[in-house]
Amino acid sequence: MKKVLEGSQAVAEAVRLAKVQVISAYPITPQTHIVEILSDYVATGRMNAKYLRVESEHSCMAALIGAQSAGVRTFTATCSQGLALMHELLHWAAGARLPIVMGEVNRALAPGWNIWCDQTDSLAQRDTGWMQLYCEDSQEVLDATILAYRLAERVNLPTMVVLDAFYLSHTYEPVDVPEQEEVDRFLPPYKPAFTLDPGHPYSLSPLVTPNAYMEMRHDIALAMEDALAIFDEVEGEFARIMGRRYGAVEEIDTDDADVIFVTSGAVTSTVRLVLEELRSRGEKVGALKIKLFRPFPTEAVRRALSKGRKAVVVDRNYSFGASGIFAQEVRAALCNAPGHPPVFGYIAGLGGRDITTQMLSHIYFEVKESEAPLRESVWVGRQEVNRAT
Amino acid sequence: MQLEAMDRELMCSGHVGCPGCGATIAMRFALKTLGEKTIMVLPACCWSVIAGPFPQSSLKIPVIHTAFETGGATASGVRAALDMRGDEETTVVVWAGDGGTFDIGFQALSGAVERNENFIYICYDNEAYMNTGIQRSSSTPYGAWTTTTSGSDWKKLRKKNIVEALVAHRIPYAATANIAYPEDLVRKVRKARETKGSRFLHIYASCPTGWRIPAEMSVRIARMAVQTNIFPLYEVENGIDYTINVKPREYLVREYFKLQGRFRHLSEEDLDQIQGMVNEDWERLLRKAGERA
Ligand SMILES: Cc1ncc(C[n+]2csc(CCOP(=O)(O)OP(=O)(O)O)c2C)c(N)n1
Ligand SMILES: [Mg+2]
Numbered sequence: 007m008k009k010v011l012e013g014s015q016a017v018a019e020a021v022r023l024a025k026v027q028v029i030s031a032y033p034i035t036p037q038t039h040i041v042e043i044l045s046d047y048v049a050t051g052r053m054n055a056k057y058l059r060v061e062s063e064h065s066c067m068a069a070l071i072g073a074q075s076a077g078v079r080t081f082t083a084t085c086s087q088g089l090a091l092m093h094e095l096l097h098w099a100a101g102a103r104l105p106i107v108m109g110e111v112n113r114a115l116a117p118g119w120n121i122w123c124d125q126t127d128s129l130a131q132r133d134t135g136w137m138q139l140y141c142e143d144s145q146e147v148l149d150a151t152i153l154a155y156r157l158a159e160r161v162n163l164p165t166m167v168v169l170d171a172f173y174l175s176h177t178y179e180p181v182d183v184p185e186q187e188e189v190d191r192f193l194p195p196y197k198p199a200f201t202l203d204p205g206h207p208y209s210l211s212p213l214v215t216p217n218a219y220m221e222m223r224h225d226i227a228l229a230m231e232d233a234l235a236i237f238d239e240v241e242g243e244f245a246r247i248m249g250r251r252y253g254a255v256e257e258i259d260t261d262d263a264d265v266i267f268v269t270s271g272a273v274t275s276t277v278r279l280v281l282e283e284l285r286s287r288g289e290k291v292g293a294l295k296i297k298l299f300r301p302f303p304t305e306a307v308r309r310a311l312s313k314g315r316k317a318v319v320v321d322r323n324y325s326f327g328a329s330g331i332f333a334q335e336v337r338a339a340l341c342n343a344p345g346h347p348p349v350f351g352y353i354a355g356l357g358g359r360d361i362t363t364q365m366l367s368h369i370y371f372e373v374k375e376s377e378a379p380l381r382e383s384v385w386v387g388r389q390e391v392n393r394a395t
Numbered sequence: 008m009q010l011e012a013m014d015r016e017l018m019c020s021g022h023v024g025c026p027g028c029g030a031t032i033a034m035r036f037a038l039k040t041l042g043e044k045t046i047m048v049l050p051a052c053c054w055s056v057i058a059g060p061f062p063q064s065s066l067k068i069p070v071i072h073t074a075f076e077t078g079g080a081t082a083s084g085v086r087a088a089l090d091m092r093g094d095e096e097t098t099v100v101v102w103a104g105d106g107g108t109f110d111i112g113f114q115a116l117s118g119a120v121e122r123n124e125n126f127i128y129i130c131y132d133n134e135a136y137m138n139t140g141i142q143r144s145s146s147t148p149y150g151a152w153t154t155t156t157s158g159s160d161w162k163k164l165r166k167k168n169i170v171e172a173l174v175a176h177r178i179p180y181a182a183t184a185n186i187a188y189p190e191d192l193v194r195k196v197r198k199a200r201e202t203k204g205s206r207f208l209h210i211y212a213s214c215p216t217g218w219r220i221p222a223e224m225s226v227r228i229a230r231m232a233v234q235t236n237i238f239p240l241y242e243v244e245n246g247i248d249y250t251i252n253v254k255p256r257e258y259l260v261r262e263y264f265k266l267q268g269r270f271r272h273l274s275e276e277d278l279d280q281i282q283g284m285v286n287e288d289w290e291r292l293l294r295k296a297g298e299r300a
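Protein chains in written order, with my numbering: chain R, 7 to 395; chain P, 8 to 300.
None of these hints come from the bench; they were simulated from the model.
What you are looking at is a predicted structure, and each value in this text was computed from that prediction instead of being measured.
Each residue gets a CB set at the ideal place from its N, CA and C atoms; glycine is no exception.
One thing to keep in mind: the hints can contain errors.
Distance windows between CB atoms, simulated [to be verified]:
hint, chain 1, residue 1, chain 2, residue 2, range
1, R, E239, P, E96, 35 to 45 Å
2, R, C341, P, V23, 43 to 53 Å
3, P, V56, R, H346, 46 to 56 Å
4, R, G327, P, E276, 51 to 61 Å
5, R, P216, P, E96, 38 to 48 Å
Over 12 Å on every C-beta distance to chain R, these chain P residues come out as not near it, computed from the model [said to hold, decoys possible]:
hint, residue
6, C25
7, G27
8, F75
9, R122
10, S157
11, V170
12, E223
13, E257
14, K265
Please build the complete structure, drawing on both the sequences and the hints.
As structure tokens, then:
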């Protein structure tokens, strides 16, 4: 049924439809709507779940690790400082092979206090073993959240569904909400691979010597590799029932493109507009939207970007001392592909600054006119700063 | 001694605890009382090692090892999941050291008991971070040497009174216990098991390695801790009703201190001062229990 929903509501609807059994959360702007709605669902009986109102994000993730290990489907949502506080346990959840699903609202990290959109929070968790899905609009947010459960439970790794602060979390859009019966067909009840059970006592996550640790890590590496194919499979099942499919990446007008934008999250919508405008003026420009960031779809990225002469990554995030994080990943994916295009890196929209169509077409023409990048990262939309001396 | 289920053994020999380890004695008695229908949450501590490396386990119950500071939170999640699965029979028990309880895990513990989460939290107290090699914790007593309170820098701060901190949360049941008083310990574990809501047990567990005492003195030292009033045995119901369980013979604390290498540097004046502190704490406890006006 079509409804007009905030991105936050789309997440909550998906969690309800996924019949999550234990929710735990700690409030942080702009994640709050998600967890308030879920609290209400539980209080009013619209969801049959336990809601743990814990005293911190760290305890929140610990509680979900406990709950998921005891055999139930779980959910939390957080962002920024909250996600950073969870860091230790993000590693734990993945290492323990628990298919926990989280809604992650991309918000800037302090200092200074900034509640607006920035991807550095989730990208800083790229090495924790969580799968990460970046969404462009609220429909995708809802679909990705439902899909995340199926994916996580197939792979036995936790999954983060990432949405932009405010641009998605607090923006109303028409969203097609599936029927419960459709979701049930797609997402069977959770069958844990192992569980805490006094009838079959196991010791979970014990001391592991150098004798076995590496094999356990290798298993996670293999699971992540397999997850690429499983993602496609699961998306296929989703499409058969819901009629929608996104892809690990989406190529937009890449076939004859000279310059290919690489984007993730809501800014992809802005790039679509710019593409329409530039194409109408005869510019050969395309875009590659990266939805699946972990596991990184290396082959698909290579294939798409090899079609163009130049790739330009727009990063709403930054790794100090290096570059934009998507740019790093794209460069790493391309470096072993013979004759690959040069990768231009642009940093834009940090801490909730708008990324406008003008900014993007400016980037396009700058790249079109340059043979090769002069710098790893070009910061756009910056103001002049008068520094006191 | 009348001990319930004395022949039930849920802890195997072959664990890797040090000789004389009080924490292993505590675990053995606790499990005898808790029984098979128990899930244990084990944050980082000596017991993370004692339980044995993968693929072995010295415990015959399901155990979830978890991060150092997460005992209270992980157990909340396990309990919630069992409740959702309709399993009300299984007891969820956290088994944590003093560091994981008094210090780094205190926030998660306080949060959990404020929510009156339905589990038993057992802190075995060896009065320092022993897993990492005898560093001070807020449970380390006044006067003690540790590797981070060494030489003239021996600890000159009081031990945190964890039971009083828990009592302030008005939890249904909080008690101290001691490996040298197994009857009392077993009774308290049973009482905890039969109570609903957040239950807290603080078990004195001597550590020969960390305290610089011979292994065979482990239980004797533990008994003296009670008999000197250094570690009184008492229980508190609903944060209000205090009962003192053992009336000690009130030995002088110097007899306890003199036997332990960790207190070797203390002067007679230091010991007098410590005696004064112990007396003061005991008087306060007697007043709370209504045994002094
Ligand atoms: C976040 C974090 N910090 C530090 C450690 C290292 N560490 C592991 S066990 C431990 C000490 C545990 O002390 P306690 O809780 O008293 O238990 P004991 O080892 O004495 O039995 C420390 C510091 C850790 N595992 N995690
Ligand atoms: Mg200790």
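Hint by hint, here is what the structure shows:
no. : hint                           : in the structure
1   : R:E239 with P:E96: 35 to 45 Å  : holds, 39 Å
2   : R:C341 with P:V23: 43 to 53 Å  : holds, 47 Å
3   : P:V56 with R:H346: 46 to 56 Å  : holds, 49 Å
4   : R:G327 with P:E276: 51 to 61 Å : holds, 56 Å
5   : R:P216 with P:E96: 38 to 48 Å  : holds, 39 Å
6   : C25                            : holds, 16 Å
7   : G27                            : holds, 21 Å
8   : F75                            : violated, 9 Å
9   : R122                           : violated, 7 Å
10  : S157                           : holds, 28 Å
11  : V170                           : holds, 21 Å
12  : E223                           : holds, 28 Å
13  : E257                           : holds, 40 Å
14  : K265                           : holds, 37 Å
Hints 8, 9, counting from the list given before, are not met by this structure.
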